[in-house]
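Those protein sequence lines, which keep their order, are chains A and B. According to the working numbering, the stretch in the first sequence is residues -2 to 260, in order. According to the working numbering, the stretch in the second sequence is residues 159 to 290, in order.
Please note that the accuracy of each hint is not assured.
Here are the in silico distance ranges between beta carbons for each label pair [claimed, not checked]:
no., chain 1, residue 1, chain 2, residue 2, range
1, A, 236, B, 240, 55 to 63 angstroms
2, B, 248, A, 130, 34 to 42 angstroms
3, B, 161, A, 253, 48 to 56 angstroms
4, A, 66, B, 270, 21 to 29 angstroms
Straight-line alpha carbon distances no greater than 30 angstroms define the calculated DSBU-like cross-link-like pairs of lysine-lysine that follow [stated by the list, open to error]:
no., chain 1, residue 1, chain 2, residue 2
5, B, 277, A, 27
6, A, 27, B, 273
7, A, 54, A, 130
8, A, 243, A, 221
9, A, 256, B, 279
10, A, 210, A, 130
11, A, 54, B, 277
12, A, 210, A, 221
13, A, 130, A, 27
14, A, 210, A, 243
15, B, 273, A, 54
16, B, 279, A, 221
17, A, 256, A, 130
Coverage of chain A stretches by chain B, computed from C-beta distances (three or more under 8 angstroms per stretch; other residues unrestricted) [as the list claims (entries may be wrong)]:
no., region
18, 79 to 89
19, 95 to 107
Just so you know, these hints were derived from the structure itself, not from any lab. Where a beta carbon is used, it is the ideal one built from N, C-alpha and C, also for glycine.
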Amino acid sequence: MRADLKIIRSETAAPPQQEESLVGRIPTEKLLIIIPAYNEADRIGAVLDDIQREAPKIPILVINDGSRDATAEVARQHGAEVITLPYNNGYGVALQTGFRYALQQGVTVAVSMDADGQHDAREIPRLIHEIQKGGIDVVVGSRFLNSKTYRPSPLRRMGMLLFGLLATVCTGRRVTDPTSGFQALRGRALRLAASDLYPPDYPDADFLILLHKCGITVREVPVKMRPSPDNKSMHGGSKSVYYVFKMLLSIFVVLLRQKPERF
Amino acid sequence: MPPRIQIISILICIFLLAYVFELVRRRYLNEEYSVTWLVTGVMMLVLSISDELLQYISNLVGATLYTSTLFFFGMLFLVVICLHFSIRISALTNQVRTLTQDIGILYQERESLRKEIAKSKNESETSGVENL
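Okay, chain A solo, but in the shape it has when bound (with noise of 0.2 angstroms):
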């Protein structure tokens, strides 16, 4: 048994140091894309594919968010990695996960996506080309940045609106689309999102103020979305009067608190 863990540990040793310098452009840039997916198997394999297509190399790590459906074998067999979350969490509390698990491999760069499709997989290089340059640890792809073409319901908007006005005047930098799931972290703010002061239920305002406190610089970049396929939200119905109050408040208690010290 030994001396078969000694193979492994030798064999799995060497290779990744090959393959780092494929993926990124600066050899030492380790990728992951992250995404959070809740019965999405109808969805996610289309999704996989197009990553695989667009950003080829890129490890994929889908965390499985206690799907009832056949997620995580989809997943597998579009070349993903799965973590299996053994019940519904909620998308912040998957998407920490990714971030978790990203910190322990050592990764550099984790991208965040939808399973839904929502996000083009074609914008992925451009984010990734955009914290490479340096001085930025977060880079959040916007849909309302110089674009028309996506549009909201008009409660869904009016609430998009007034969080970004909140994040906009608490972070003195322009936040156009604070909900966008499409986002690339790296360093600090990957440590930061992999930390017990990552908000658990939908990052959202709440958590571009956190980085805003630690002073780490976030950057909007325009990204071309498709309107989310049956229009389903994650904050919908009742929930969205919950999810307003939430949100305020969370914002409020985030001002209130000193800036973290680890950070």
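Please build the complex by placing chain B on the supplied structure of chain A, with the hints as guidance.
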């Protein structure tokens, strides 16, 4: 305070205290969680027994009826207990969340290790065949 309500109140307090002790003794209730209940029981018992203290506090808070002072403090203790539980639940929720994430990550690592072991076994078997 009317003697009847006083007796009932004292009996309830004694019952509560005895019951909490019994639960702790049988390990149905952790010591940690029993403390707030015991404090509440003792406070209410003291208020129920001591007429002077109840009078004094009623005057202090401006209650016209001594029984309402009793109810008021009963409510107050319950609110404190509920708040305490909310804090505990929050802590537990955070712990469960971290554990869930860790379990997910560990399962994934176990699977990938299994694959690697199977792969290396296959490779060593095939290389063994070649050597023969």
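Hint by hint, here is what the structure shows:
no.	hint	verdict
1	236(A) - 240(B): 55 to 63 angstroms	violated, 24 angstroms
2	248(B) - 130(A): 34 to 42 angstroms	holds, 40 angstroms
3	161(B) - 253(A): 48 to 56 angstroms	holds, 51 angstroms
4	66(A) - 270(B): 21 to 29 angstroms	holds, 23 angstroms
5	277(B) - 27(A)	holds, 24 angstroms
6	27(A) - 273(B)	holds, 22 angstroms
7	54(A) - 130(A)	holds, 20 angstroms
8	243(A) - 221(A)	holds, 29 angstroms
9	256(A) - 279(B)	violated, 51 angstroms
10	210(A) - 130(A)	holds, 22 angstroms
11	54(A) - 277(B)	holds, 21 angstroms
12	210(A) - 221(A)	holds, 29 angstroms
13	130(A) - 27(A)	holds, 15 angstroms
14	210(A) - 243(A)	holds, 20 angstroms
15	273(B) - 54(A)	holds, 20 angstroms
16	279(B) - 221(A)	violated, 47 angstroms
17	256(A) - 130(A)	holds, 27 angstroms
18	79 to 89	holds (count 7)
19	95 to 107	holds (count 3)
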